[in-house]
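Put chain B on the given structure of chain E with help from the hints.
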Amino acid sequence: MRVVIAEDLFLLRDGLIRLLEAYGFEVAAAVDNGADFLAAVRAGPPDVAVVDVRLPPTFTDEGLRAALTARKEVPGLPILVLSQYVEQLYARELLADGAGAVGYLLKDRVLDGAQFADAIKRVAGGGTAMDPEVIARLLARNAAEGPLARLSPREREVLGLMAEGRSNTAIAARLVVTERAVAKHTAAIFTKLDLQQSDDDNRRVLAVLAYLGQ
Amino acid sequence: MIWKRSLIALPRALAFFGLLLTGVALLVVAVGPVVLGALGLGRLIDLLLVAHRGPGGGGDVSRDMLAAVAGLICCLFVLPAALLAIRGLAMLTRRLSQRWCGVPIASAYRLPPDGRGRLGYRQRMSWLLGDPGTWRDLLWLMVNATAGLVLLLLPALLMGLGVVVFLQPLLGDRPPVMFAIGLALVAFGMLTASWTLRGYAGLAGLVLAPSEAAKLQLRVRHLAQTRRETLDTGAAELRRIERDLHDGAQARLVAMGLTLDAAGRLIDTDPAAARALLIEAKDASARALSELRDLVRGIHPPVLADRGLADAVRALALDSPLRVRVTGSLDGRPPAPVESAAYFAVSELLANVAKHSGAHAAEVDLRHSSGSLRISVSDDGDGGADPSRGTGLRGMGRRLAAFDGVIVVSSPAGGPTLVTMEVPCALS
Chain E
1 MRVVIAEDLF LLRDGLIRLL EAYGFEVAAA VDNGADFLAA VRAGPPDVAV VDVRLPPTFT
61 DEGLRAALTA RKEVPGLPIL VLSQYVEQLY ARELLADGAG AVGYLLKDRV LDGAQFADAI
121 KRVAGGGTAM DPEVIARLLA RNAAEGPLAR LSPREREVLG LMAEGRSNTA IAARLVVTER
181 AVAKHTAAIF TKLDLQQSDD DNRRVLAVLA YLGQ
Chain B
215 MIWKRSLIAL PRALAFFGLL LTGVALLVVA VGPVVLGALG LGRLIDLLLV AHRGPGGGGD
275 VSRDMLAAVA GLICCLFVLP AALLAIRGLA MLTRRLSQRW CGVPIASAYR LPPDGRGRLG
335 YRQRMSWLLG DPGTWRDLLW LMVNATAGLV LLLLPALLMG LGVVVFLQPL LGDRPPVMFA
395 IGLALVAFGM LTASWTLRGY AGLAGLVLAP SEAAKLQLRV RHLAQTRRET LDTGAAELRR
455 IERDLHDGAQ ARLVAMGLTL DAAGRLIDTD PAAARALLIE AKDASARALS ELRDLVRGIH
515 PPVLADRGLA DAVRALALDS PLRVRVTGSL DGRPPAPVES AAYFAVSELL ANVAKHSGAH
575 AAEVDLRHSS GSLRISVSDD GDGGADPSRG TGLRGMGRRL AAFDGVIVVS SPAGGPTLVT
635 MEVPCALS
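Chains as they are written, first to last, in my numbering: chain E, 1 to 214; chain B, 215 to 642.
It should be emphasised that the hints constitute simulated quantities derived from the structure, not laboratory data. All C-beta atoms, glycine included, are put in the ideal place defined by N, C-alpha and C. It cannot be assumed that every hint is accurate.
Simulated crosslink set (BS3-like; lysine-lysine; CA at most 27 angstroms straight-line) [what the hints assert, rightly or not]:
1. K121(E) - K107(E)
2. K72(E) - K121(E)
3. K496(B) - K121(E)
4. K496(B) - K107(E)
5. K107(E) - K72(E)
Per the computed footprint, the stretches of chain B lying under chain E, defined by three or more beta-carbons under 8 angstroms from a beta-carbon of chain E, are [to be verified]:
6. 497-504
7. 521-531
Chain E with its partners taken away, still in its complex shape (with noise of 0.2 angstroms):
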């Protein structure tokens, strides 16, 4: 699978490298900046793109601006976003076109080396990666009032994880449940909140997300 990483810090885009060959991947381009991403991206669309949130010369939201560039020249592009921070106003941004793909962790996840990989394989594969302290925030958000406060504490945390991006199979392993329990929740949260059930993972998410993103 190739990769093209974004990332100015020679520390981190070295270990970023490193992690990633080891987990199978293969790093077509590395490079720190916006402009030579977008020029990485425009010589052959990768399978998946990690950029950095801040980058020169502006060392702002660059990185941000430079993977929805790519996301409007390449529809569809797998981006994965890495951060120090995680704004709901940038998560926004990167599902705003409803086409999945994409990733907004925050760089501390890259410790975890197997999740990272997976939250990549996950992006690359038409699904999403959010950060769950994005997540956290978007439930704390609807928990006061309203269908969310109907959930049970189990459901909830379903939810959270759902909103996340992971399948029920990574659901039931994260809460030693067994995937047919995971499923029983999953319908019972779609029944409580009125959405449309849907077969499909990634549109799962998506409808998740749109919900609480309203």
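Chain B in isolation, oriented as in the chain E frame:
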């Protein structure tokens, strides 16, 4: 329209007249005893001379001595209070000319030396008598009692004259044209009421407005105060950051080092224990990162640096547990310090709304017009927010004051609450 204005002007002139009489009365009360005392003293000397020359009048001596001493003491006691009361009247005159005549009159009194006005007698006297503002008040009393009086009474006099002229044909064999002249005089008198009132306010402004030097002094005082507060706030902020780093990330890194060291020693003899320690160290590093992230957010939120105030406020709105609508926009970016102060003010206001107001929804409006950044935060909560009670709103006011900004709170009991901030600045 003009008649309505004139009709309103008449009672207002009467109110100013009332202020004038009160002022004169105060002056009489304040200075009267001096005159009485001086008279008494004169009589005393007279009587002493008489007593020296011959017998008689002993009882009068003690009575006049009493009058002299009482007069002086009374004057000394009453004077500061009377001067302050006259100052109060001048302040009222300033407020009324602004409200009724649209003539704003600035005031510039010196602050009491201790900042609160709890002074000894001598200090109080030297503070009052050393203030040019006090003398301006007294001068106004003089001008008011002469030129002011004429202006205030002119309409009434004209109208009175009109009535007298109007009544003439009824009393004697004057021509009926006097009716018309009388009516015209009354009408003219009424018409002049709004003009003379404006003239009166103008006159008050001429006398009561502080001189350029006094205005500068006022400005310097404001700047010195806000500078001190800004420095204090900055120092306190640095102390907080230092403490947070010391107790948080720094401590965690030390613990991490120790854990890693222990893991290093155990790695050959007890790999399982070493592994557990390594996992512990990784968790500690994650927590340290998360604390640093929170700290950075508190110093200068990255989204503000990235996107500017409007988007940063939108990000705040998304993080709020309430439904927050953000309206308006900015065509450029205010200077960084203003942007930051405004951001933290909005952040604190939204936190207040979520915590105290019982509101379900809030609205933030941002715009820049006529040289000022204007931000209003409103909610549908219970109201009753009192800036004089909580330290939050006052602190916000102090921080904005460093940029000559102001914050206005309208929060009647029962709601809704509307907080408006205004900071003069240019966008770039």
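Cross-check of the supplied hints:
This hinted pair checks out: K121(E) and K107(E) have alpha carbons roughly 17 angstroms apart, not beyond 27 angstroms. Between K72(E) and K121(E), the direct Cα distance comes to roughly 21 angstroms. Compliance with the 27 angstroms bound is thereby established for this hinted pair. For the given pair, K496(B) sits about 24 angstroms from K121(E) by alpha-carbon distance, which is consistent with the 27 angstroms threshold. For the hint pairing K496(B) with K107(E), the CA-to-CA distance comes to about 14 angstroms; that is within 27 angstroms, so the pair holds.
Of the supplied pair hints, the one linking K107(E) and K72(E) holds, its CA atoms being roughly 24 angstroms apart against a limit of 27 angstroms. Figure legend: the stretch 497-504 of chain B, annotated as covered by chain E; annotation consistent (4 residues with Cβ-Cβ distances under 8 angstroms, at least 3 required). For a cut-off of 8 angstroms, the count of residues in the stretch 521-531 of chain B with a CB near a CB of chain E stands at 4, and the three-residue condition holds.
When held up to the earlier numbered hints, the structure conflicts with none and fits them all.
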